[in-house]
Amino acid sequence: KQEVTQIPAALSVPEGENLVLNCSFTDSAIYNLQWFRQDPGKGLTSLLLIQSSQREQTSGRLNASLDKSSGRSTLYIAASQPGDSATYLCAASTQGGSEKLVFGKGTKLTVNP
Amino acid sequence: GAGVSQSPRYKVAKRGQDVALRCDPISGHVSLFWYQQALGQGPEFLTYFQNEAQLDKSGLPSDRFFAERPEGSVSTLKIQRTQQEDSAVYLCASSLGWGGNSPLHFGNGTRLTVT
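Listed in order, the protein sequences are those of chains A and B.
Using this note's numbering, read the first sequence as starting at 99 and increasing by one per residue.
Using this note's numbering, read the second sequence as starting at 226 and increasing by one per residue.
In isolation and in its complexed conformation, chain B is listed as follows (with noise of 0.2 angstroms):
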């Protein structure tokens, strides 16, 4: 079956653009998650939506940051003006349900570079 699907793979950005990742997860999970992976270092937790509500966002690093998931399905994270720190990948995650339940199933990430 399909699993959970990231847009696009690779991105590359001058410092100032802004950037839209897209993250279609998989078909009837709820839970939705963005982290963000430094080379050499584990994901790290930006945002969680449950069904269309955004529960949680207290990992984005800055305003510029912020995230969408409008019908509860395909979410989108988007960076304004971005700078050279913003380099690295981005993971989306989605689970059947919440709690801590349910196993996360990720996909495999759209890699950033800010030039």
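Just chain A, with the same shape it has in the complex (with noise of 0.2 angstroms):
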């Protein structure tokens, strides 16, 4: 059974200040692996998407890395602002034609302006 965790559960950190979210899975034939937003009261924003095959993703100021042997992930936001703030969780989709995404419980980011 897939358990994805992430570490730290929450993190403050000052504006302008390069970060490291990390996301750690048990199962290592994922499928792929999803990196989402949450803002308070709301769904989810998708914001990277890594295939099984790739290594990373990138999308503006942010960047996700894949380790499927170490079972790990990892998302880096450059020059974090106030906006940045919010929930942010991983989810991994795993081999055998299931479409459903576990998800860890997410770390929750402040970013102090």
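These aren't lab readings, by the way, just hints derived from the structure by calculation.
Please note: incorrect hints may appear among the correct ones.
What the hints assert, rightly or not - Straight-line alpha carbon distances no greater than 16 angstroms define the calculated EDC-like cross-link-like pairs of lysine to aspartate or glutamate that follow:
{"#": "1", "chain 1": "B", "residue 1": "239", "chain 2": "B", "residue 2": "296"}
{"#": "2", "chain 1": "B", "residue 1": "282", "chain 2": "B", "residue 2": "269"}
{"#": "3", "chain 1": "B", "residue 1": "236", "chain 2": "B", "residue 2": "288"}
{"#": "4", "chain 1": "A", "residue 1": "203", "chain 2": "B", "residue 2": "269"}
{"#": "5", "chain 1": "B", "residue 1": "282", "chain 2": "A", "residue 2": "197"}
{"#": "6", "chain 1": "B", "residue 1": "239", "chain 2": "B", "residue 2": "293"}
{"#": "7", "chain 1": "B", "residue 1": "239", "chain 2": "B", "residue 2": "249"}
{"#": "8", "chain 1": "A", "residue 1": "99", "chain 2": "A", "residue 2": "182"}
{"#": "9", "chain 1": "A", "residue 1": "99", "chain 2": "B", "residue 2": "311"}
Unchecked claim - Just so you have them, the derived chain B footprint on chain A, three or more residues with Cβ under 8 angstroms:
{"#": "10", "segment": "137-145"}
{"#": "11", "segment": "177-184"}
Glycine included, C-beta positions come from ideal geometry on N, C-alpha and C.
Combine the two chains into a complex, taking the hints into account.
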């Protein structure tokens, strides 16, 4: 059974800092790994999707990496801004035709002006 | 463009009542998912539709939970005889394709409170 863990549970940084959020998964036979952002009282917004054959994906100030062998993914945020404050969730889909995602509990990020 | 729309936004039900939650996915999206999110937790999978076919319902907690998507667009999640442990945010998501290649687009959810 796939389990996804995110560390830390919460992170507070000053504006402008570069930061890394960590995600680990127990079953390396993943189909893809996705990172989402969730603002309070809102649904999830897809940030990056990494296929199992890929090593990383980039979008603007965001870069996500995937290391299947070690069961880890990281989300790197460059030059953080107060608007980046949100909860970041990673989710893994497992090979075998299942479409479902297994989510971590998220990392709550606060970027202080 | 319009995103995934869910209604109602909030629902309060007395224990034992039946509720129906609606999801309008993005037009043309083939895949539709329902997730349940408890406070402080990540979403947990409930069920998945590809067009009108319910291909995976392994996450539905009990036979009190039922989902349908009869015409391959709008979906309804029904919970019968609600219990307090059903209190959560119910999220609907859709994607253009299938096979895990398309990013998911989530609605803002329905917050269900069972008293």
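The hints, checked one at a time:
no. : hint            : result
1   : 239(B) - 296(B) : violated (31 angstroms)
2   : 282(B) - 269(B) : holds (12 angstroms)
3   : 236(B) - 288(B) : violated (21 angstroms)
4   : 203(A) - 269(B) : holds (10 angstroms)
5   : 282(B) - 197(A) : holds (11 angstroms)
6   : 239(B) - 293(B) : violated (23 angstroms)
7   : 239(B) - 249(B) : violated (25 angstroms)
8   : 99(A) - 182(A)  : violated (32 angstroms)
9   : 99(A) - 311(B)  : violated (23 angstroms)
10  : 137-145         : holds (count 6)
11  : 177-184         : violated (count 0)
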